[in-house]
Amino acid sequence: MSEVESAIDADLIGWRARLADNDLFHAFIHSPTAIVSTIVTLLICLGALFAPWVAPHDPFDLASVDLMDSLLPPPWMDGGSFSFLLGTDDQGRDVFSAILYGSRISILVGFLSVIFAAAIGVVVGLVAGYAGGLVDAILMRIADVQLSFPAILIALLIDGVLRGILPRGDYDQIAVYVLVLSIGLSFWVQYARTVRSSVMIERTKEYVQASQVIGLPTRTILFRHIMPNVLGPVLVIATIQLALAIITEATLSFLGVGVPPTSPSLGTLIRVGNDYLFSGEWWITIFPGLALVILVLAINLLGDWLRDALNPRLR
Amino acid sequence: MLLFVLKRLAQSVLVMLVVALIAFALFRYVGDPVDSMVGQDTTLEQRADLRERLGLNDSFLVQYARFIGRAATGDFGQSYRLRQPVDELLAERFPATFELSLVSAVMALLIGVPMGVYTALNRRGLLSRGFMTLSLIGISLPTFLIGILLILVFGVVLRWLPTFGRGDVVQVGWWTSGLMTRSGLSSLIMPAITLAIFQMTLIVRLIRAEMLEVLRADYVKFARARGLKPRTINFSIALKNTLVPVMTIIGLQIGSIIAFAIITESVFQWPGMGLLFIQAIENVDIPVMAAYLMLIAFIFVVINLVVDVLYFVVDPRLRVQGR
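Protein chains in written order, with this note's numbering: chain A, 1 to 315; chain B, 1001 to 1323.
Isolated chain A (complex conformation):
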């Protein structure tokens, strides 16, 4: 028994030592920017994840929403009340709670579309880099063409086309998935290009030749052997694109082609609140906007830091 315990202990110590030795970890604890942005990102994510428990009100429970409370300013202004920390909107919903629920959808769409884009991009990059020749040429040509259009425009176009195809009534329920699909399809190119160039280097290495010689199926070589070696840069791209994906979602929702107002994301909240800007109720739109900016800024800072920390040329 003690042998096992000491083995676990040794393992733990080994793990800790390795972590302390790790360049990335070292760089992390010495960078205030990285620590602060991680904390902020985590706070917002946790707030969003546990929105039903953290939020002081349920903005979508019709029984608890009172029209008498509509358009109340934040507590530090005349007529504000402390039960609504950031004021209320036109239907008496608590803006702070709406932000918590809204960031839930924003972050969900962001994560899902980045995962979706990365999945497509990594597979395309692996195949193109490993196959070479005509397959590579065709895939990269498509990537080039798509890259010459801004991602947000492509997302807008795909979203618009899908809106045309799908029936109106059902659309609200699947809006989130349509968004994930459009954003994912417009963001895959960068992964594909990066992975492809790494694969072209890995392809000539001995371990790949060895697995070819012993007759492993191509699928195994690609996904079990090459893929783990080319995923490093994917993480950096994914972090930076997470911020972009969240902005894209917010923008599409703001333009009215994203998440419907029945279960609003941050972008939808801003769109809805924008109508009240001119009558002086600025908090309905500005606070969701602020939440969006803080979230995106924190993720961007983290991504910037990660890119610099992983790039030895900049040290």
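Calculated from the structure, these hints are not laboratory results. One or more hints might be untrue.
[Unchecked claim] Not everything, but these chain A residues come out facing chain B in the computed CB check (under 8 Å):
| no. | residue |
| --- | --- |
| 1 | 145 |
| 2 | 163 |
| 3 | 166 |
| 4 | 293 |
| 5 | 296 |
[Said to hold, decoys possible] Partial chain B-side listing against chain A, Cβ under 10 Å, derived:
| no. | residue |
| --- | --- |
| 6 | 1009 |
| 7 | 1011 |
| 8 | 1266 |
Remember, predicted model here, so these are calculated numbers, not experimental data. Note that CB positions come from ideal geometry on N, CA and C, so glycine has one too.
Could you slot chain B onto chain A? The hints should help.
Frame of chain A, contents of chain B only:
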């Protein structure tokens, strides 16, 4: 050189054909074009007749070829929503978008390039760090939020500037210009700034990164060793060599300007092509969507071609390889 340009030209035509295919598929298969054109009380015979007259019974390839032929002459049919020819609609909206984009691009270049150079030369300076932080905030601020904030501050609180529309315009031939009237200019300020900030942050970061890269190059070190003046090194040698990649990005930027113009126009209700497109999406107005798609693809292809050719002019190394 000629071969290179021809090759690029062939590629561009291919891209246009693919985009045309998408636009055509949209037009033909999203909803029924006949349903969108006629009223409720049209009889089945009339529908069949219209179907035959529009050539919707022909084979896919024939219809596709006809679509391209029409598109080449600018004929995209009628808008379902506005019941006007699409090409007229776009021509009517084009000057608004063009003026907005041009003013914002000039603004972004005039401010962005000096800022980028400065931050590269004084890497550790306080002001440089300030600029970099600002540019990071600029990237994190979505375009539509910049617009909303400007509207709140200068439109609602201070009441200095108009918050929507284009103001008074002057008709010059078929072109309408807002650059010549007071209300036109004051309406332009906020949308132009909104559209410029995104480009500016990118230009600053790009120029800075390229400058830093070039300043490390051997020929710059050699120039220093020769004892050339820092000003000569920085501007005649370093800045000049950053121009090639910067040119590509600025060329491609024009694409993002089009994309972000859609957002800006939507925030400020600016009567340009972007607003037309957003309204087309909301109403599933396919002819307008298809035409806009083709127009954007065309602009992109032309810009890419021009940038590629400019490479040859700017970078002598490419000319040697090309031979």
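Status of the hints after comparison with the structure:
| no. | hint | result |
| --- | --- | --- |
| 1 | 145 | holds (5 Å) |
| 2 | 163 | holds (7 Å) |
| 3 | 166 | violated (10 Å) |
| 4 | 293 | holds (6 Å) |
| 5 | 296 | holds (4 Å) |
| 6 | 1009 | violated (15 Å) |
| 7 | 1011 | holds (8 Å) |
| 8 | 1266 | holds (6 Å) |
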